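Visitor: Residues per chain, in single letters:
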Amino acid sequence: MIPYEKIGKVAYGGDYNPEQWPKEVWREDMELLSGAGIDTVTLNVFSWASLQPNETTYDFSRLDEIMEMVRENGMKVCLATSTGAHPAWMAKKYPDILRVDFEGRKRKFGARHNSCPNSPTYLKYSVLLAKKLAQRYRMYDNIVAWHVSNEYGGECYCENCEKAFRVWLREKYQTIDSLNEAWDTAFWGHTFYDWDEVVAPNMLSEHFEENRTTFQGISLDYRRFLSDSILNCYKKERDAIKEVIPDAAVTTNLMGAYKPLDYFRWAKEMDFVSWDNYPSNEAHYAQIAFNHDLMRGIGGGEPFALMEQTPSVTNWLPYNALKRPGVMRLLSYQAMAHGADTVMFFQMRRSVGACEKYHGAVIDHAGRADTRVYREVAKLGEELKSLGTRTLSMRTKSDIAILFDWDNWWGIEYSAGPSVDLRYLDECLRFYKALRCQNFNVDIVGVDTDLSGYKLAIAPVYYMVKGENDHLIRKFVKEGGAFLTTFFSGIVQENDLVTLFGYPGKLRDILGVWVEEEDALEKGVENEFIYRGKKYPAFLLCDLLHLEGAKEEDEGGYQKDFYKGMPAVTRNDFGNGQAYYLATASNEAFYSAFLADLCKKQGIEPVLETPAGVEATSRENENGRLIYVLNHNQQEAKVSLPAPMRDLITGEVYEGGKLVLGAKDVKILERI
Amino acid sequence: MIPYEKIGKVAYGGDYNPEQWPKEVWREDMELLSGAGIDTVTLNVFSWASLQPNETTYDFSRLDEIMEMVRENGMKVCLATSTGAHPAWMAKKYPDILRVDFEGRKRKFGARHNSCPNSPTYLKYSVLLAKKLAQRYRMYDNIVAWHVSNEYGGECYCENCEKAFRVWLREKYQTIDSLNEAWDTAFWGHTFYDWDEVVAPNMLSEHFEENRTTFQGISLDYRRFLSDSILNCYKKERDAIKEVIPDAAVTTNLMGAYKPLDYFRWAKEMDFVSWDNYPSNEAHYAQIAFNHDLMRGIGGGEPFALMEQTPSVTNWLPYNALKRPGVMRLLSYQAMAHGADTVMFFQMRRSVGACEKYHGAVIDHAGRADTRVYREVAKLGEELKSLGTRTLSMRTKSDIAILFDWDNWWGIEYSAGPSVDLRYLDECLRFYKALRCQNFNVDIVGVDTDLSGYKLAIAPVYYMVKGENDHLIRKFVKEGGAFLTTFFSGIVQENDLVTLFGYPGKLRDILGVWVEEEDALEKGVENEFIYRGKKYPAFLLCDLLHLEGAKEEDEGGYQKDFYKGMPAVTRNDFGNGQAYYLATASNEAFYSAFLADLCKKQGIEPVLETPAGVEATSRENENGRLIYVLNHNQQEAKVSLPAPMRDLITGEVYEGGKLVLGAKDVKILERI
Amino acid sequence: MIPYEKIGKVAYGGDYNPEQWPKEVWREDMELLSGAGIDTVTLNVFSWASLQPNETTYDFSRLDEIMEMVRENGMKVCLATSTGAHPAWMAKKYPDILRVDFEGRKRKFGARHNSCPNSPTYLKYSVLLAKKLAQRYRMYDNIVAWHVSNEYGGECYCENCEKAFRVWLREKYQTIDSLNEAWDTAFWGHTFYDWDEVVAPNMLSEHFEENRTTFQGISLDYRRFLSDSILNCYKKERDAIKEVIPDAAVTTNLMGAYKPLDYFRWAKEMDFVSWDNYPSNEAHYAQIAFNHDLMRGIGGGEPFALMEQTPSVTNWLPYNALKRPGVMRLLSYQAMAHGADTVMFFQMRRSVGACEKYHGAVIDHAGRADTRVYREVAKLGEELKSLGTRTLSMRTKSDIAILFDWDNWWGIEYSAGPSVDLRYLDECLRFYKALRCQNFNVDIVGVDTDLSGYKLAIAPVYYMVKGENDHLIRKFVKEGGAFLTTFFSGIVQENDLVTLFGYPGKLRDILGVWVEEEDALEKGVENEFIYRGKKYPAFLLCDLLHLEGAKEEDEGGYQKDFYKGMPAVTRNDFGNGQAYYLATASNEAFYSAFLADLCKKQGIEPVLETPAGVEATSRENENGRLIYVLNHNQQEAKVSLPAPMRDLITGEVYEGGKLVLGAKDVKILERI
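Residue numbers (my numbering), protein chains in the order written: chain A, 113 to 784; chain B, 113 to 784; chain C, 113 to 784.
Here chain A stands alone, though its shape is the one from the complex (with noise of 0.2 Å):
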């Protein structure tokens, strides 16, 4: 959990790598820092060449300082453990450190994100630096939380990563028959005799592309076991700060809806949940509406903190626009009106060299205060202060689950057919923003979840299904609920191997079809169906299926092609609830009506009505409920609202309950 009693508000900063300037600047920044109502600075993330100069010895001098400084500087601490990236006599010393990469090259000193997971070395010294630094740092009571290594992420495909994946593979199968069954070797001879035989699966093996390969079983427990791997990094510093500080907040940045790592298992061993949000200039905000409610899910609904996001404009994109005034403040509001309780920015002093020097920060090269970014970060600074813990640890409630799951992504877009246009994340933002943009609260959750608190539960193609995963459907059907999922479900078990008879497989019973083929159209290709008197298009994949119990919810199926007629869209009335298939993927329009119906259906309430591009959330607990309203349009946006309410950051009444807000500009309401 963010531990609230030490902040006592939403924690206001972010990076912060004075070491990387000359001491004179110090005094400079700190001024600066407190003049814009940043409380909060993330210290040390990339320092462990200057803290560990060489194998025997550890140089915390500056790194004290530092600590001294923000201390008595009134900041809180958020102290990382440096193990982002290695030092380079490192690297020299032990080359185990380095990665192999993808295409099977040997590494060498560079970059970041560049250590091996299964890597000896970098085990045993990331976890000496980390215990050493608990050591050193445990007293200070104004560090809030531990930030271990830096955005996790990549893979390694050298032979320390082969050996180990070899004893993953062991502890899993136990017996070399059990891995040729999960991996079905017996097609093209791939039967092997030995554990040592397997090698890991890249492009000088089982791969012809980076997503392509030619055995989906092998590359899906690589991806298991490397998320597993660089896992374990990250728990074995977690617990060198704990064996020193048993009650250590301790976490590590996220990356949202990042493919490589399961983040649903890498969230139970944090103790709070934190992540780095960077959108394109191009999101709509949906999108990244789908990646907080996915942080927000994977730590079971609990707050999380944002870690880090610009306060102006990224450096790595193609074209990096300035972000919009009033923007950097919208976005942080919409963090926290998705679950954030902390606004952190990436950084709070652009450097001076290297790749991330034109990336922004709340402190320009220019070094002056009165630029529009410090002016912006400055005034959402007092507004945070102002609002106090009257925001802090509240809860979403929703009654709308959808079922994400890495496994499947991975699963999915491993697959050898049907279509190369299937995205996993493409079809869950189809359900998501259909309901984020009529302002419906949505709970993004694992596929081994309870479903019963919920009256609506979607699978977005529910490809994989696990274990008896299906049961929980079942069970939450049964008892009333509805599910919904579409094409391409059901096919396959946990190590991707069919599930026999007819798809969707476990789950036909509960839909009541099954599908015969599935018919993959060519970009541009469409076919069309007709629901309540309106014409949808119909791509992506056409399900051919039969009814077996279902009833069809178009109204004549298809329209075209030699399966016209073949339902589009079908209810199964099963138990005491309903379970609906989508047999094709369709356009906005579509799923925003679908919808909205059966919402309608389930007695589900949207938070409030808004006009086009006003976002409305809802965050509550045992002191009330605050709805959030967020216009991400361009222009001034009216609102009515169903009772008279008051804003907590103007602290305006709204009697009538109308409301106008500016281009960019957010509430907080309550009810009064």
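Please keep in mind that the hints were generated in silico from the structure rather than gathered at the bench. Certain hints may be false.
It does not matter which identical chain is meant; a pair holds if it fits inside one copy or across any two.
[To be verified] DSBU-like mimics (lysine-lysine), calculated; alpha carbons at most 30 Å apart, straight line:
hint	residue 1	residue 2
1	K672	K647
2	K275	K204
3	K776	K676
4	K218	K204
5	K545	K635
6	K672	K750
7	K275	K218
8	K371	K218
9	K646	K275
10	K205	K275
11	K676	K750
12	K218	K205
A quick note: this is a predicted structure, and the numbers were derived from the prediction, not measured.
For this one, chain A is given, so just place chains B and C on it according to the hints.
Guide: Just chains B and C, lined up with the frame of chain A:
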């Protein structure tokens, strides 16, 4: 030759891999397959790891069971040798079996097509396995053919290949001086003084892109060497089988116009040609027909085996659309129409895992007989049964030959200049399609073919004239034939060295033209010329030529640019025949008109006149002549017959000479 | 300096490689070349393998014969050292000569440009060969120049280079602390404690794309190091020649705006600059002119040698269109118009094999004198002969300097942010083209140039201001010059470290502006500004700037977006001069109008006023001034002359000041 006596009808079946699923399923397989009229199965394609679990052990027990079951069920067998993918243990123990790729990377175990063709280990154990299989199953008289390895292909650049390349070169060139001359190594100071100085040409040496090399001669020889090396693998297995079973019918499944292997050389070593037909969804029927005719052509006009096609869907295309109803049947008959005496599928049953699990099969994951695909397969099975021997062992009679040559293909596409858009297959297809769509039977023949049986010989972009092959043309034209070739012809001899003293080199006297320069036009840029009063576009390349005895066949030459007025189409009367030269590329309308005129002049008749989209071919032998009529359209089509005819499939009789074909329908007609 | 006394006219000829064909052909060569007015041949460019067949043997017999023949035929020689490609035996025996590529792959023997510049073997034997050649041919007084190696370029990342890089760094930085500071290694914990920890920056270390690095400072220094390393190869050969022949004129053929080599540093080591002009078919004449002016500029304004151009066609472009009639002549005179005192071709005769066999040549594969190309070459030969010495040794006089800098080029294009579309050459060309198309002579000069001779100095995207180079600008403006620069200028010093306290850093006082932020606009997105009553687009980058003494030159600033009203074009009166700042990129119309105004204000006159597509330049010396008028149009053009003039080529006199130029025609005018 296809062993007709053993089959007695169009062999119908395909790849069957029961070793990939539990025995319980086998009985069900037998019932379903027999229910669909399947009579021939290809067994043992990928079982090496299972047959040889380690270096000293062979275990045929599972294959024994399968062979017994299949025999009991009255099925014929095409028995594969399983050497299309090596066992994992072998790769671990003998890494020489692993390939080095074009980038110079040593591969690890994985995928298929993975054995180095010059690996001592591969050669030893692949041949040994073939021999053991022959010894063990020689007594099975239901084996109709031996299927060596599978879809040979790919490339290797390892040290063993490099060494073998030097041996191959020494045999070819005898002295290092001849090699230097052949490769023109004086250029860029590449002179070799010792065979060992020669390295394999890839991205680490002579190449800067896959198809771009600094030394065409070296890269060309490496292609020849690789094709020969891989052919050698085939020959060694074939010999091992024939040593045991002298009259075995041995083949391997080819892949149509597959660039890496010179199939003319391959076919000479095969008892009959067999190939796998996987057209893309967008392929025009003429493209598919081209491949069939090519496969017939490499076999000297003998009937061939269609070894694989999908009954319904592929899995490796970007968009794997379903084969529409009737299309599988239509394409099966199209194969027969062009010379196939078998109709085989990949595969009998869908596998449960790995990368081909979504590839179509006769028996689906659902394991049911009531699927669309199964029903279509069964219907065709019935038809083929009813046809008996009546379509077998016939020959295609054609007055037209298209000369095709792998060396020429390689040479053209390695060429640095004049245009990257010049693709040999595209140019061949311009001519083939114009003829095919007018229902002219076409033979595709090698460049060393005696053309005396033909009335028209076309050599699209006959860039490389090897040895004295020009004499074959000269003789053909002198004796009254019509020869047609194009821009960028006669440029080089067999080592890609320019034939000096004026293009088109050795063909210059025959064609009566001197090509002074060639202008490459960017995509979208066009010139024009007039033929029989109509304007046609000129693009890709425009030769600037001078008449040296030839006459201009177009009206007024190019219509634009500084070479306005220079001839675009010429005819040279040479001996009793004519030699035509097309100095540029044009559109379909031109090729249609021009070839129709030419055929008329040469007294060449189409098989039948049909509406667009309806294809007609003929095959004949001492027992008669059959006309295949195939409606590739989505609508029905009307065809006028020149005489009363009967359809072999339905027995229907068309007295009045009027035939109405349903969409995708097929007739096999004989005169009554 | 070009050795005029030995040549006595525009040297006319080019690469001649008779060692690539049989001796029988040589006599024919001599006749044909002499018939075309060729008087100078470049010999021995790729003969290393032939000259040194093994480590201890040298064999000059063939070259002796060629040298004799050429001398007998009265030709001058540019003698190459043949070290542009090493022998195969050397690569086999001494693999250190082979490069390691950007992907970290050790290359094998092949292609050219293939020697590691830090290979001990290469350095030893290339220098020895140069020395031996000098010793053997020193007495040939028809040698007019020595041509070291050929088109130096490329890169290497081998261990020898890595070690040499460390030595280079140690020399440059003296202490590891200075290196750490220069590269800002505190960022991402990259601190180095020992020189040996530094690795070459490529795809295995700091880079994630060819042009994208995580440490700009390292990558920048590696570029400098590579340029120096390769230059060192040149210098060592040059010194070996000069040791034997102290007054030898030594050069190497450069390649215009070739990014990898800092030609300003190279030209200092060359007796005269020579370069190879291979424009693409689409190149605007101003682009070609830019390269000429750059090549003149690196040589301090001295005349240069056009060492290579194709007489007709290239072979390595995607579409190798023929040079249209007259174009070869036009481009030859264009070279002279910009400072060339030679007209040389690659090549005299087409080779029979390998990758350049379809590259144009004076003598074609047909070996005839009646080709279009030969005739055009011969006609130009005659003209050049008639011109004698009259065009030689003149200088271009210009009031305008464009500052150009390789470090700046590298720095800008390594930059992470703000926009991937920012390309240095494109920005330079915007200014150059606007000036060139109005017939202003332009000098392209280094950033350390004393600008006092100029009236206008333009530094497009002057991102990196090295050392105290800003003082050169400051002095220039103070003394009355007009200085013009753009967005993204003054950002960093020589190590790519940001100059703090406000952009444009060191140029801020001169320009009188403070740039607070820079907005990157996606391709297709535009803002607008008004200049002299006309609206112009703003794109690519838009600076958000504040006036600090400067005045706004546009009318009302940006017309859109949140920075509407901020100035887009400013002028600062500084000392006796003015400093202009363009805060954004705009279209051709703007640059034309703006620069025309500026030139007018500065009293700068164009060479001549001409219709569009007609280029005019002037060259002059103590003997007079020549005006080159070149009609790049496809149609004839009329030009008004300010005074009666005579054309040197035809002797025609234009009394009335009216000149009509045919399409692609050229006049060299002098006043009468």
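Visitor: Confirm or reject each hint.
Guide: Hints versus structure:
1. K672 - K647: Result: close within a single copy only, 12 Å intra versus 40 Å inter.
2. K275 - K204: both (22 Å within a copy, 14 Å between copies)
3. K776 - K676: between (46 Å within a copy, 18 Å between copies)
4. K218 - K204: So K218 and K204 pass the 30 Å test inside a copy (13 Å) and across (20 Å) alike.
5. K545 - K635: This pair counts as both: shortest intra-copy Cα distance 22 Å, inter-copy 27 Å.
6. K672 - K750: So K672 and K750 pass the 30 Å test across copies only (25 Å; inside, 43 Å).
7. K275 - K218: both (16 Å within a copy, 19 Å between copies)
8. K371 - K218: both (23 Å within a copy, 29 Å between copies)
9. K646 - K275: Neither. Shortest intra-copy (58 Å) and inter-copy (69 Å) distances fail the 30 Å Cα cut-off.
10. K205 - K275: Answer is both; intra-copy 22 Å and inter-copy 17 Å each pass.
11. K676 - K750: between (45 Å within a copy, 26 Å between copies)
12. K218 - K205: both (15 Å within a copy, 23 Å between copies)
Going through the hint list in order, the structure does not satisfy hint 9, though it satisfies all others.
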